[in-house]
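J.: Please build the complete structure, drawing on both the sequences and the hints.
Chains as they are written, first to last, in our numbering: chain A, 1 to 286; chain B, 1001 to 1378.
Please note that a few of the clues may not be correct.
Claimed, not checked - So the derived label-pair ranges between C-beta atoms look like this:
| hint | chain 1 | residue 1 | chain 2 | residue 2 | range |
| --- | --- | --- | --- | --- | --- |
| 1 | A | 97 | B | 1276 | 54 to 62 Å |
| 2 | B | 1093 | A | 122 | 42 to 50 Å |
| 3 | B | 1189 | A | 97 | 41 to 49 Å |
| 4 | A | 94 | B | 1040 | 39 to 47 Å |
| 5 | A | 175 | B | 1040 | 29 to 37 Å |
Hint data in this document are derived by calculation from the structure and do not stem from the laboratory. The beta carbon of each residue, even a glycine, is placed where N, CA and C say it ideally should be.
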Amino acid sequence: MIRRLLPPLAPALVALLIFVALPMFWVLRTSFNELADGAYVVEAMTLDNYARFLGDPWYLVNTLWFSIRIALVATAISVICGYPVALYIVKTTGLQRNILMALVMAPLLIGLVTLVYGWIVIFRGGGLLNSLMIALHVYDRPVRYMWDIKGVVILLVYIGAPYVVLSLLDSLERISPYLVEAARNVGASRWTAFWKVVFPMTMPGLYAGLVIVFSLNFSAFAVPLMIGDSNTQMIGLIIYREALLNNDLPFASALSVIMVAVNALILVGMAAFFGRIILNRLEAKR
Amino acid sequence: MTRRAGDGRKNQDEMQPMSDDAIQVRRVMKSYGTMLAVDDVSFNVAEGEFVSLLGPSGCGKTTTLRMIAGFTDTSGGAIRVHGREVTHLPPEKRDLGFVFQNYALWPHMTVAENVAFGLKLRRKPRDVIRNKIEEALSVTGLSGYEDRLPRQLSGGQQQRVALARALALEPQVLLMDEPLSNLDRALRVVMRRELKELQARMKMTTLYVTHDQEEALSMSNRVVIMNGGRVEQIAAPYELYENPATRFVADFVGITNFLEGTASDMGGGMVGVRLPSGQVLHAQARVPVAQGGAVRALIRPERVTISPAELSGPNVLAGRVELSEYFGAVLRYTVRLDSGEILRAEVHNFDEFIAGGSRVWICTLPEHLRVIPHDPRG
Ligand SMILES: Nc1ncnc2c1ncn2[C@@H]1O[C@H](COP(=O)(O)OP(=O)(O)O)[C@@H](O)[C@H]1O
Ligand SMILES: [Mg+2]
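T.: This is the structure we're talking about:
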């Protein structure tokens, strides 16, 4: 089996090795190095960088724990917003389907920077939304929509929800309408049929969406950089700052290793939470 | 609508609220845009009866069954189950068992969970559920498969689970949509017998959809023949074969030869069919035909005598063998009559083989000849 699969997969494996495994290894190795005189990276074998992070409550609470919380909240909201949209889209066909798909994909296609600056135009203090609300006398003083946690979460949801929709659609499309009819036939209401048949069958898609969206959210740096404030020091942002602004590659590498490890742990936790039984039962069918 | 022969069980169009029938379908219609998928269909299924909907693909069988189950809305007409009007009830309020063509087993549930689902929704006590699962699985020959997932079962086993799932709820009526059509032929024949035996033992009122005439004829008490969204004939299998009401039925159920002519009354319960050649065929009158009206004489291939020696009598047709095919148990002849028509004949007990090109005489008895009015639709 492996011998048969290896030749066609070889280019992909080589690419994976060069572009993923080597950089990861390099990051891991660098995380044990030292920064001399605040400027030069010196080869070493030290755990100082890890100790600096783990020994400082600010890093632990205000970046790591904060990132986990923000990512979980944004991911949960993405699912809550994305699920009904996917349920609606799966019932459509033809032009309506294409238009809805284009709308869902738009945030992914526009590009992050354009998106963020578009949002700034709409949501800043004197932006379109506030002007409109004040003009309509909904409220009389500008409301703060961005440059704080709220803005970061909103934007993460805006970027994350399309992934949830896409991966849920993949699952939903595999569900034959006959399965729902069969449930209705034995006495299930619309809601029960959804909850007992459709929902469990979307677990693989939901889980895939969660993996993507949580990872994106947890490691986000552009969104907190552009739309956050001093209270939104997410771990991705700190890594960016240490690596590119402070030139402290060893510390940035240690942070990266910690980020990847924590991310992996949380995904494993999610897999357990989502019921390995249901995933396994449905997975093997593919 | 024109009422057809054989639909004589209930001759009123209006619904009979106090009827004992398990299913009453009255003047049901379904349109998709301008297309009428089901066009004014009426029939009944009596308590404990096995009725089949038979017809070619696309004739509206599935749509009819789905309207009874409540999966598809009706565009007109009414459906009653045990006298209760269900036309506008959601499927979960109808208490009808349904077996889908593709089984529709829930892939994330084991066999036992599939069967238990409806029982759990009815909040039955745990031990009752366990007993019913056991019973349904043993009846369908699935004991020991409780913990399998549907994908770990063969097609035949999945079909049995679908049946067990429906039977466990002891529904008032069992609806089945071509449940055997996805099985290979050998298994289909075995399952057909098992299904029929089970149905008879449980006295389960069953409405069965199929396009396979063998299935319909061998399993049903009565068959509803559908064509283009309409009912052609409703009759017991024997009646259907022996007394087809329309050309479509005669053609769809078995093979039939048609000879066109005009009717002439001969008295004594006999009707004559004057062929274009001037020859008059004698037939027993079963359906009223108008004197001088256009009719068709139906001749079943196996209900003829074929002989290389000249025969005499009223119903003798002369011709020449174009093709003779030997199938072991049966000899099939394709004969070109002197009048130019093709006639197929089948001989089961033969001791001579008539070669192609031979001159032959074909004879059929008046009681084997059927006459139907000429139907302008074809
Ligand atoms: N949802 C639908 N939309 C449009 N046409 C349909 C739909 N369902 C069935 N039809 C049409 O109705 C006719 C009857 O279909 P069906 O009841 O499935 O036939 P059968 O089961 O006898 O093969 C067919 O011509 C089919 O194309
Ligand atoms: Mg069908």
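J.: Hint compliance check: list the failing hint numbers for this structure, sorted ascending.
T.: 4
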